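Protein chains in written order, with UniProt numbering: chain A, 1 to 261; chain B, 1 to 261.
Bear in mind the hints are in silico, worked out from the structure with no lab data behind them.
It is possible that part of the hints are untrue.
[What the hints assert, rightly or not] Just the calculated beta-carbon pair ranges, DEER-fashion:
id, chain 1, residue 1, chain 2, residue 2, range
1, A, Ala147, B, Lys141, 19 to 29 Å
2, B, Lys141, A, Glu187, 24 to 34 Å
3, A, Gly252, B, Ser174, 26 to 36 Å
4, A, Ala260, B, Ala172, 48 to 58 Å
Please read all numbers here as calculations on a predicted model, not as lab measurements.
Beta carbons are placed, not taken as given, at the ideal position from N, Cα and C, and that holds for glycine.
Listed below are the residues making up each chain.
There are 2 protein chains.
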Amino acid sequence: MTDDNIIRWAIRIEFDGTEYVGWQRQNNGISVQELIEKAASQLIGGRPVSSITAGRTDAGVHAAGLVVHLDFPADVVLNKRQIRDGMGFYLKPHPVVILDAAPVSLDWSARFSAIWRSYRFTILNRPSRPALHTNRVWHVKRPLNAAAMHEGAQYLLGCHDFSSFRAAACQANSPLRTLDVLNVHRENEFIFIETKARSFLHHQVRNMVGSLALVGTGKWEPRKMKCVLNAKNRAAAGPTSPPEGLCFMDVGYLDDPFLAN
Amino acid sequence: MTDDNIIRWAIRIEFDGTEYVGWQRQNNGISVQELIEKAASQLIGGRPVSSITAGRTDAGVHAAGLVVHLDFPADVVLNKRQIRDGMGFYLKPHPVVILDAAPVSLDWSARFSAIWRSYRFTILNRPSRPALHTNRVWHVKRPLNAAAMHEGAQYLLGCHDFSSFRAAACQANSPLRTLDVLNVHRENEFIFIETKARSFLHHQVRNMVGSLALVGTGKWEPRKMKCVLNAKNRAAAGPTSPPEGLCFMDVGYLDDPFLAN
Chain A
1 MTDDNIIRWA IRIEFDGTEY VGWQRQNNGI SVQELIEKAA SQLIGGRPVS
51 SITAGRTDAG VHAAGLVVHL DFPADVVLNK RQIRDGMGFY LKPHPVVILD
101 AAPVSLDWSA RFSAIWRSYR FTILNRPSRP ALHTNRVWHV KRPLNAAAMH
151 EGAQYLLGCH DFSSFRAAAC QANSPLRTLD VLNVHRENEF IFIETKARSF
201 LHHQVRNMVG SLALVGTGKW EPRKMKCVLN AKNRAAAGPT SPPEGLCFMD
251 VGYLDDPFLA N
Chain B
1 MTDDNIIRWA IRIEFDGTEY VGWQRQNNGI SVQELIEKAA SQLIGGRPVS
51 SITAGRTDAG VHAAGLVVHL DFPADVVLNK RQIRDGMGFY LKPHPVVILD
101 AAPVSLDWSA RFSAIWRSYR FTILNRPSRP ALHTNRVWHV KRPLNAAAMH
151 EGAQYLLGCH DFSSFRAAAC QANSPLRTLD VLNVHRENEF IFIETKARSF
201 LHHQVRNMVG SLALVGTGKW EPRKMKCVLN AKNRAAAGPT SPPEGLCFMD
251 VGYLDDPFLA N
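Just chain A, same shape as in the assembly (with noise of 0.2 Å):
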């Protein structure tokens, strides 16, 4: 399609990422880019909708409120409530909704126009398994102090070669990166680890993750994750954290398309 056949649409959406290969379309299973593009064509009798994602999840990573943009034929009716509605009916039965829609020029771009994203990683910190937080959280048995993981956390903060938390697989140009939040805290049996920044490398939250855990049982101390970035080297952190407990949790625009809408 050319710019003169287009029109945008920014939808928000939440998903449970468990059953998916990730957002991007691959062969080993289902995506949910796949899904949400699928819907969004049965939405319009079956022509082809192309999507752009603020964020490309892995797999089992789940999402709270990712914003995606749709390319549809220019010719094509629609309003905020046959989207989130209409799509939504055609994603059925699957655990992916769209809470919002509303119209983007052309030059706004869901992935590019992005000023900051930010994730929730959340630990289930207890010896019992999890049964009512399965596929939401990463369970560790081992006591973790979420003081001194938020005390290592401060160092990363900042602008930085982030190469020791970067998966062999980054397909970045830079390894820099400014990191503007990363709060750890603990309620009751939960660890909640809060981070922002305009983008992040592939696996870079998981990575910090991995390596705040080994703070966390006290293997390191706080300051060591001075070292490891220092280090720029992946084999100087620890390991990457399971997916299911990262949720893609938000992302801003200096123009929010849903504000005005």
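Once you've looked at the hints, dock chain B against the given chain A.
Below, chain B alone, put in the same frame as chain A:
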């Protein structure tokens, strides 16, 4: 078993009630009680173990901290970790876990020694169905006024005849109950209803929530809750809310066996 032949343990359990017929054994499906008693029995080589619960939850209702006592043959030697982790093992893959265990005397009962119970009911109040909270919330699309619901809820506090909120099948001798807490508050798209009382009638929480939802939509004024209560007639109240939003949170004892643990 006679008293001489018994040792009694209190356990605190968490479960996802979605797939079960409720706490109590029934012919039409799997009950949490039979899963718990079976796991306890497997732990001691197949000898029978009986249980008494602090709360007989309905089908689809969850528990984050339900207390149960188990009567084991007196000659078995058990410790807290064996019960928690061993029963947790035999309970796999069911979403039922043992959070804690403590030995208690035979004059201590999970049911009769309890001095209060607390429940939380969660409503997801937005147009889109739940994706991340499927089976954990009552999905209400129509906007609800949580402040009005809270105001209406306060008319139910204190000692009253709760016949208007009592299931026909309720086996309690008296419809009199003393309601200590019934708080309603909103957090973004969620409305939480927290309640606490020495004990509740059958379906009392779900019936109170069903009526409060009518206050939330504006169909009823908050003070209508007082009229409904005074009617002492189930037909005067609103419908029973669905079970999936309800979670048994906690139970209190003068001698809390887990504190001394």
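Checked hints:
no.	hint	result
1	Ala147(A) with Lys141(B): 19 to 29 Å	42 Å, violated
2	Lys141(B) with Glu187(A): 24 to 34 Å	29 Å, holds
3	Gly252(A) with Ser174(B): 26 to 36 Å	56 Å, violated
4	Ala260(A) with Ala172(B): 48 to 58 Å	54 Å, holds
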